[in-house]
Amino acid sequence: MPKIYVLSEKCFGCGLCAKSCPFSAITMTARPDKKLKLAVIDEMKCNFCGACLDACKKYQAIVIEKDDISVKTVDKSLYKNVWVYAEQRHGEISPVVFELLGKGRELADKLSVKLCAVLMGNKIESRAKDLIEHGADTVYLYDDEMLNEFQDDPYCELLSQLILEEKPEIILMGATNIGRSFASRVAAKIHTGLTADCTGLDIEPETRNLMQTRPAFGGNIMATILTKNHRPQMSTVRHKVFKKASKNPGRKGEIIKKKIDKTKIKNRTKFLQFVADVSQKVNLAEADIIVSGGRGLGKLEGFLLIEELAKSIGGAVGASRATVDAGWIAYSHQVGQTGRTVAPKLYIACGISGQIQHLVGMQSSDIIVAINKDPECPMMKLATYAIEGDLYQIIPEIVKELKK
Amino acid sequence: MDYFLTDEQKMIVELARKVAQEKIKPVRQEFDESGEFPWEIVKELSQADLMGLYIPQEYGGFGGGVIELCIAVEELCKVDGGIALSLAATALGTFPILLFGTDEQKKKYLPRIAKGEILAAFGLTEPESGSDAGATKTTAKKDGDFYILNGTKCFITNGGVAEVYVIIAMTDKSRGSRGASAFIVEKGTPGFSFGKKENKMGIRASATCELIFQDCKIPKTNLLGKEGAGFIVAMKTLDQSRPGVAAQALGIAAGALDEAVEYAKTRKQFDHPISSFQAIQHILANMATDVEAARALIYSVARAIDKGDKDVSGASAMCKLFASDVAMRVTTDAVQVFGGYGYMKEYPVEKMMRDAKITQIYEGTNQIQRNVIALDLIKKSAKKK
Amino acid sequence: MNIVVLIKQVPATTDVKIDEKTGTLKREGVEAQVNPFDLYAVEEAIRLKEKYTGKVIVLTMGPPQAEKALRECLAMGCDEAVLVSDREFAGSDTWATSYTLAQAIKKIGSYEIILCGKQAIDGDTAQVGPGVAEMLDIPHVAYVKKIEKIGDGKITVERMMEDGYDLIESPVPCLLTVVKEINNPRLPSLRGMMFSKKAEIKHFTAKTVEADKTKLGIAGSPTNVMKVFCPPARTGGERIAGEPSEQAAKIVIKLKEAKII
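Residue numbers (the working numbering), protein chains in the order written: chain A, 1 to 404; chain B, 1001 to 1385; chain C, 2001 to 2261.
These are computed hints drawn from the structure, not numbers from a lab. No residue lacks a Cβ here, since even glycine has one placed at the ideal position from N, Cα and C. Keep in mind that the hints are not guaranteed to be accurate.
As the list claims (entries may be wrong) - Computed list of lysine to aspartate or glutamate pairs in EDC-like fashion (alpha-carbon distance at most 20 Å, straight line):
hint	chain 1	residue 1	chain 2	residue 2
1	B	Lys1018	C	Glu2031
2	C	Lys2254	A	Glu397
3	B	Lys1025	A	Asp325
4	C	Lys2215	A	Asp75
5	A	Lys345	C	Glu2257
6	C	Lys2254	A	Asp288
7	A	Lys373	B	Glu1262
8	C	Lys2049	C	Asp2079
9	C	Lys2250	A	Glu397
10	A	Lys299	B	Glu1033
11	B	Lys1220	B	Glu1163
12	C	Lys2250	A	Glu388
13	A	Lys299	B	Glu1036
14	A	Lys240	C	Glu2162
15	C	Lys2146	A	Asp277
16	A	Lys3	C	Asp2086
17	A	Lys45	C	Glu2067
18	C	Lys2256	A	Asp288
19	C	Lys2227	A	Glu65
20	B	Lys1018	A	Asp325
21	C	Lys2197	B	Glu1008
22	B	Lys1025	B	Glu1040
23	A	Lys129	A	Glu92
24	A	Lys373	C	Glu2246
25	B	Lys1268	A	Glu388
26	C	Lys2254	A	Asp366
27	A	Lys66	C	Asp2212
28	A	Lys299	B	Glu1030
29	C	Lys2145	C	Glu2112
30	C	Lys2068	B	Glu1008
31	A	Lys373	C	Glu2243
32	B	Lys1265	A	Asp374
33	A	Lys264	A	Glu145
34	C	Lys2145	A	Glu149
35	C	Lys2180	A	Asp277
36	A	Lys345	C	Glu2238
37	A	Lys381	B	Asp1271
Unchecked claim - The following label-pair restraints were derived from C-beta to C-beta distances:
hint	chain 1	residue 1	chain 2	residue 2	range
38	B	Glu1022	C	Lys2107	32 to 38 Å
39	A	Ser8	C	Lys2197	40 to 46 Å
40	B	Thr1289	A	Glu301	40 to 46 Å
Take these sequences, add in the hints, and give me the full structure.
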């Protein structure tokens, strides 16, 4: 176990470390002579993240001693190339993949390596070209009926095997249900680091490390995470965070068809059936405009107004948890910590006061418009445009205005 | 203030608060508007073991007493005074069985009540005999191994939703109040039907309706206590149950106080939160004092009852009288603190004020409570001499 | 049927405040709670027990205070609780956490189903469940919204996907991570609370679970936090005043200028 301590002779009691600690593990206490304060670290709370070391660069009063446990490190020079896992569902490449290709191309160019895509599925070969035209230099293709539907076992085994053979240094996957499920399994299997739900990716030039930035604690803090001693560096990436790669028709690349030795692939689960969601589809994550209603609607019928506005502005309908709990609208519309996280171009919050759990689900929207009676509520304070007043008067006016 | 509740009692408070906050609060407005009976909440209360709080363990209950019932009802009523009645009114219908039932009667009904599978109700009031219980018109005529019931009971809480009813009916009109008897009547007995559901001012989530008996034939084993003991059953039941109604009133008042304090802290006028104004502070101080006094009285009487004090008529009436007057006062003041917003249905205090009013009326109007208290006072004074 | 439920104690986020000066999370005095998504796993486990008999063992890795979270699960109806706690685990990332939990489950021994919430609300990674399954070398299905049937050593579940659901059959033992749609978690019962209060909680340490020290805590974690910072706070924008009709006209102009509409 690592140790952390404060060199009391170097500590000037400035308190910068305490402020920097995301775990509130540092408190400033009075010294016996009562002159300067002294930082005291609660080891039970400390996670050795090192934030305090950065804060105390000037005085260097905090020391972390890492353990001398000899952890096997890999020879990083053996690992090359940036990979994008080209997730497909029912033969369609998931939209996030093209965003990954855009970012992946940028990272590969910085590292002066190739960008490769891994495509798995059944009768999927025709899609490989699309990946190349969006920036992939090489596509590893697994085309087999065994891969017709996504199942964790075979997908995990094949990708893990390919990683061990080809040794990429970075693998990007979409933070979709499929991506998050089997990336976790792959990382566990090949013993490497996986960072979930990244919103920022960059290269640290000296080390070639991938700096993976992601929200934590419900978006209240951001953390930049490194996989220093393991390879490949794996990240899942949120949809709609990075720009889609532009298409370059006729772009050439290599397609490597991989054979599957079925006797060696274990597949314990059995796919029985896909049942499409036939209910009116609420794809909040894809929507560019979301109109959301909250407790301020006062009643179930309020959502008729929200729907009307959504329809006239071409957006989807969102909702706060309070309205879902009250049974005014289905859970699939819920935005926030226990609902969907969204980042549309425009988010119109009607009668939503903006509890933190809701804010973390939508605060990365480009433009936020708040309509609320209470000018002091968090949503109004954070909105790009805050409209104070009765939503039952304002929304019909906006609808009227839009129809002009 | 610390009332030194036992660990078990603290658990009851914690659990009731959880049910109230997580399950009742999100739906209270809806039920208040629709006036529907909150079956889903009854299920939650049953699953949490709260329906059997005051029922002995041998009959499948938790083995608590009046105090356990009171603290749970208080906690639930802080959020909604109507929904919690499914529990409180069932207690009112169960107490006569607990106090006067034979072992067989207890075995038949208590375990299912304790599990929350069925609700109970108590039927005393009639259209023409409210406070004047001696004027009861419902009759029970003995016919071999049966009694035949005829008459109408009104304003019966849990009416229609309860499976078990304890009914006071006259077996011998000539003997006046000594000619009344108590009976257990099950829902579904031929000749037993329900009248219209009342459209009420407050506690709208509770079911209130008429019970109609037309040649309703019940086995004589359903007689509760002795023939002619009906009013004793009723009086002893009410002695036990009044702290429960008082706890309902207390809960409503405490809930309104909480809302008022929170609101006063956030509402700004003249650039300051209104809680910084003495005019508001004094209102809040009076409300808090009232609530605490009611709580202290209810808890001590409930504990006395549980410890076996038999002479509780006066004190138990005082609980009900005091706490319900407090509830009316405190909720009215809460609306005042909220100002114009308090009058609007968007905020919870107007509902609390509507809910509070009934506590001054039912299970004996507060005028009747004063009669009970005075009578008790004079009786005791006479005994001293 | 033995069911193991993995839970995590997380800050009760309703109370999480951001220090306005420093932008860091004020965790002092913040109450802890069972990760809300895990409650669905606990509920599902109890329902399975009620239907098929067996016992539910709830397992968490965390500081000693996490005992409270375990007791909450016992009050809901779990039968046994295990706390895996050791300073050696400090700084564990999802890989080291998965490893530690997998070791603890091996120690528990026999189980048919492992249930987890889809993710924790503090880390939001959704990685530990599948990671544990891999390390135990058992299959897993993530995002389960319904358990259709169990029998003949097999379990059939509905896996929620963005466009509907997949029906998947898996042999047991297996690990499932569940989503909110699967059930409506119960509150504790009074009897459960009484049981929970007195129940003994088993404590596992790094030694009990026979862990390889190089795979624990910060040393065993492939990922390291390089820095933690506050996202640039959104500062309030413009207030749009006037009569409703004026406000409406102004906002529509703004949105047109921004080329949103």
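Against the structure, the hints come out as follows:
1. Lys1018(B) to Glu2031(C): Within the cut-off at roughly 15 Å; holds.
2. Lys2254(C) to Glu397(A): Distance ~15 Å between Lys2254(C) and Glu397(A) Cα, so the pair holds.
3. Lys1025(B) to Asp325(A): The hint holds at about 10 Å.
4. Lys2215(C) to Asp75(A): Within the cut-off at roughly 18 Å; holds.
5. Lys345(A) to Glu2257(C): OK: Lys345(A) and Glu2257(C) at ~13 Å, within 20 Å.
6. Lys2254(C) to Asp288(A): Answer holds: Lys2254(C) to Asp288(A) is near 17 Å, not above 20 Å.
7. Lys373(A) to Glu1262(B): 18 Å, holds
8. Lys2049(C) to Asp2079(C): 10 Å, holds
9. Lys2250(C) to Glu397(A): With a Cα-Cα distance of about 11 Å, the restraint between Lys2250(C) and Glu397(A) holds, given a limit of 20 Å.
10. Lys299(A) to Glu1033(B): 11 Å, holds
11. Lys1220(B) to Glu1163(B): 18 Å, holds
12. Lys2250(C) to Glu388(A): 13 Å, holds
13. Lys299(A) to Glu1036(B): 17 Å, holds
14. Lys240(A) to Glu2162(C): With a Cα-Cα distance of about 15 Å, the restraint between Lys240(A) and Glu2162(C) holds, given a limit of 20 Å.
15. Lys2146(C) to Asp277(A): Given pair Lys2146(C), Asp277(A) holds - Cα atoms ~15 Å apart, limit 20 Å.
16. Lys3(A) to Asp2086(C): Judged against 20 Å, a Cα distance of about 14 Å means the pair holds.
17. Lys45(A) to Glu2067(C): Holds - the C-alpha atoms of Glu2067(C) and Lys45(A) are around 16 Å apart, at most 20 Å.
18. Lys2256(C) to Asp288(A): Since the Cα atoms of Lys2256(C) and Asp288(A) sit roughly 15 Å apart, the hinted pair holds (cutoff 20 Å).
19. Lys2227(C) to Glu65(A): Status holds; Cα separation ~18 Å.
20. Lys1018(B) to Asp325(A): Measuring from Cα to Cα gives roughly 16 Å; hence the hint holds.
21. Lys2197(C) to Glu1008(B): 10 Å, holds
22. Lys1025(B) to Glu1040(B): 13 Å, holds
23. Lys129(A) to Glu92(A): At roughly 13 Å apart (the allowed maximum being 20 Å), Glu92(A) and Lys129(A) satisfy the hint.
24. Lys373(A) to Glu2246(C): 16 Å, holds
25. Lys1268(B) to Glu388(A): 16 Å, holds
26. Lys2254(C) to Asp366(A): 13 Å, holds
27. Lys66(A) to Asp2212(C): 17 Å, holds
28. Lys299(A) to Glu1030(B): 9 Å, holds
29. Lys2145(C) to Glu2112(C): 19 Å, holds
30. Lys2068(C) to Glu1008(B): Given pair Lys2068(C), Glu1008(B) holds - Cα atoms ~17 Å apart, limit 20 Å.
31. Lys373(A) to Glu2243(C): 13 Å, holds
32. Lys1265(B) to Asp374(A): Holds - the C-alpha atoms of Asp374(A) and Lys1265(B) are around 15 Å apart, at most 20 Å.
33. Lys264(A) to Glu145(A): Distance of about 16 Å is within 20 Å: holds.
34. Lys2145(C) to Glu149(A): 18 Å, holds
35. Lys2180(C) to Asp277(A): 17 Å, holds
36. Lys345(A) to Glu2238(C): Measuring from Cα to Cα gives roughly 17 Å; hence the hint holds.
37. Lys381(A) to Asp1271(B): Holds - the C-alpha atoms of Asp1271(B) and Lys381(A) are around 18 Å apart, at most 20 Å.
38. Glu1022(B) to Lys2107(C): 32 to 38 Å: Holds, at about 35 Å.
39. Ser8(A) to Lys2197(C): 40 to 46 Å: With Cβ atoms ~43 Å apart, the hint holds.
40. Thr1289(B) to Glu301(A): 40 to 46 Å: 42 Å, holds
The structure fails none of the hints (numbered hints given earlier).
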